[in-house]
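*Asks:* The lines below spell out each chain.
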Amino acid sequence: MDIVIAVVSAIFLLLGGFLCVTGGVGILRFPDFYTRIHATGVTDTLGAGLILIGLMLQVPDVLVLVKLVIILLMTLFINPVATHALAQAALKSGLSPLLQSKNHKGG
Amino acid sequence: MDAGNDWAAAFFGLYNYWIVVVLMMVGFYIVIAHGNLIKKIIGLTIFQTSVFIYYISMGNVDGGTAPILADNISQYSNPLPHVLILTAIVVGIATTALGLALAIRIKESYGTIEEEIIQGMDNPG
Amino acid sequence: MKDLFAVIMLAGMYGLLSASFFVTMDAVDVAFTEASVGAGISTLLMLTTISMTGRYENTTRHRPMLALVVVFVTGSLLIYGTLDMPYFGSAQAPIQLHVAPHYINNSMSEIGIPNIVTSALASYRGFDTFGEVVVIFTAGVAVWALLMVNVQRRKNTEIDDANNSTHEQHFIVRFVAKMLIPFILLFALYVQFHGDYGPGGGFQAGVIFAAAIILYSMVFGLNTARRVISQPIVQLLTAAGVLLYGSVGIVSLLSGGNFLDYNVLSADPIAGQHLGILLIELGVGCTVASVMILIYFNFSGRKNDRELEEHKETT
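If you're matching them up, the sequences are chains G, F and A in order.
Under our numbering, the first residue of the first sequence carries the number 1, and numbering increases by one thereafter.
Under our numbering, the first residue of the second sequence carries the number 1, and numbering increases by one thereafter.
Under our numbering, the first residue of the third sequence carries the number 1, and numbering increases by one thereafter.
FYI, nobody ran anything at the bench for these hints, they're computed from the structure.
Be aware that a few hints might be false.
Label pairs and their calculated CB-CB ranges [claimed, not checked]:
(1) G:V66 / A:F72: 47 to 57 Å
(2) F:G120 / A:L308: 25 to 35 Å
(3) A:S109 / G:Q88: 53 to 63 Å
(4) A:G112 / G:L14: 40 to 50 Å
(5) F:D122 / A:R63: 42 to 52 Å
(6) G:S96 / A:S20: 29 to 39 Å
(7) G:L73 / F:D122: 35 to 45 Å
(8) F:D122 / A:F72: 30 to 40 Å
(9) G:V4 / F:D71: 38 to 48 Å
(10) F:R105 / G:L95: 29 to 39 Å
(11) A:D84 / F:D62: 17 to 27 Å
Computed list of lysine-lysine pairs in DSSO-like fashion (alpha-carbon distance at most 30 Å, straight line) [unchecked claim]:
(12) F:K107 / A:K2
(13) A:K303 / G:K92
(14) A:K312 / F:K40
(15) G:K67 / A:K312
(16) A:K303 / A:K178
(17) A:K178 / F:K107
(18) F:K107 / G:K92
Even glycine gets a Cβ: it sits at the ideal position worked out from N, Cα and C.
Hey, can you work out the whole structure from these sequences and the hints?
*Replies:* Here's what the structure looks like:
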């Protein structure tokens, strides 16, 4: 039983880490502000969530588990709202989304 | 071979101080090389943080944990630097806020926050 | 790099990185404070400042050569000085041998709380902390004096109209902020009172409390925030925290002990220590929270005043 929990938690942690790295790659490679914050908003929230679930499986103490659950809920609430606030601020200050790529690199 | 070992030991024993010195010099450079007041304040913040890192790294003990008493731990990191730096951080933000308030007032009085222009206005000719 | 906005964001990231560094150095209290202060409040105040002083830097002078030479010379002197220092992490360093073992070994028996940092901060070195609370108070008063904003009731209907008209646009942010702020305040209280048993204490709690109020004020507008949390009360609380701290010391004097000697505050010395630490952490939290709120209100109020004046000049 212990080894099953350890393996499952390791899978969650690795997946979460992979998602966070993907989000980072997305920031660097996407062409436009809006696509970039979309990349980080989705992947960072899910990545942080998976990492937290992986940590939850390894925890011996109920109190720490409750704290981790609260952190997970807060992250799920706050990350999308922050992304939304960023996008709205950008839209209001006039940054318009890139609708057609200027140089058709690979379509 | 002995001298080589000594150098290696010195490097691994002292590299945290050298990192701190590099950061400190970066902050120092920003303060003296840039004319913009906001950049100077940010340089001071970097300098402050490097000093905090210096103290905290001095208090670290190999194999120690956070200085909160628990039953099955025998070796703790030194709590004294933590106390000093805790107060230092909050005092640092208070003085940074004061510096920023001064920058705002300078902007309103002189119209600019570039040091050269302000000095030109104060000492004409 | 001329865009100060980017510079400030990078400085905030630097603060967050140093906070994670502190965690690896086993300094959890310090990491907590640095993360909330250095990566949160500091970035916020700097952004408010550049919204008033200008976002881009017009370089008039950039003579890097002389500065580089000075920096190199100083840096090499400092590195030469570090060659005598004790090695990183060594347990035989002088810093580990004198006062620290006394704190680590005797903290439980003399004061009775597990967090050695809080016991040193509040009891062994309580006088230092008092001085520092006064410094924070002075900085708050100085910022207020520099940026004094009129608190009288103005008929600023323009700003109220602006607030209401953008209501639907900001609906999501307002809704989530309204839901989150009670939790943030609760967390601040938790950190305040749990500082004896885990990382935490007055400073971090004060900053988190102020962050909740600042969030409210940013989302709903400064005037609404001023009506909810009236500025005169915040100013009163700044002084009340320092007064509470000082009076704990005076009460110990009057009860026959030294200044800030908690052993005489109650029949049992350990209970006296607990009571003393509780009271002064409360004072610290009060002052830190109110000073941060006061500083933010003054910065933001100054900006509002300038916008109002420009608005009046153009209409």
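*Asks:* In this structure, is the beta-carbon distance linking G112 of chain A and L14 of chain G contained in 40 to 50 Å?
*Replies:* holds (43 Å)
*Asks:* That 42 to 52 Å hint for D122 of chain F and R63 of chain A (C-beta), does it hold up?
*Replies:* Violated - the Cβ-Cβ distance for D122 of chain F and R63 of chain A, about 20 Å, lies outside 42 to 52 Å.
*Asks:* Can the restraint linking K303 of chain A and K92 of chain G be considered satisfied, given a maximum Cα separation of 30 Å?
*Replies:* holds (20 Å)
*Asks:* Is the straight-line distance between the alpha-carbon of K303 of chain A and that of K178 of chain A 30 Å or less?
*Replies:* This hinted pair holds, its Cα atoms lying about 24 Å apart.
*Asks:* Given the hint that K312 of chain A pairs with K40 of chain F, does the C-alpha gap stay at or below 30 Å?
*Replies:* With a Cα-Cα distance of about 34 Å, the restraint between K312 of chain A and K40 of chain F is violated, given a limit of 30 Å.
*Asks:* With respect to the beta-carbon atoms only, verify the hint that R105 of chain F and L95 of chain G lie 29 to 39 Å apart.
*Replies:* Hint holds: Cβ distance 32 Å, inside 29 to 39 Å.
*Asks:* Does the Cβ pair D122 of chain F, F72 of chain A satisfy 30 to 40 Å?
*Replies:* Distance hint for D122 of chain F, F72 of chain A holds at roughly 31 Å.
*Asks:* Can the suggested window of 38 to 48 Å be confirmed for the beta-carbon pair V4 of chain G and D71 of chain F?
*Replies:* violated (30 Å)
*Asks:* With a cut-off of 30 Å on the C-alpha distance, tell me whether K178 of chain A and K107 of chain F pass.
*Replies:* violated (35 Å)
*Asks:* Between S96 of chain G and S20 of chain A, does the beta-carbon spacing fit 29 to 39 Å?
*Replies:* holds (36 Å)
*Asks:* Assess, step by step, whether the Cα of K107 of chain F is no farther than 30 Å from the Cα of K92 of chain G, and give holds or violated.
*Replies:* holds (27 Å)
*Asks:* I want to verify a distance hint. Is the separation of the beta carbons of L73 of chain G and D122 of chain F within 35 to 45 Å?
*Replies:* Given a distance of about 56 Å, which is not inside 35 to 45 Å, the answer is violated.
Violated hints for the displayed structure, listed by number in ascending order: 5, 7, 9, 14, 15, 17.
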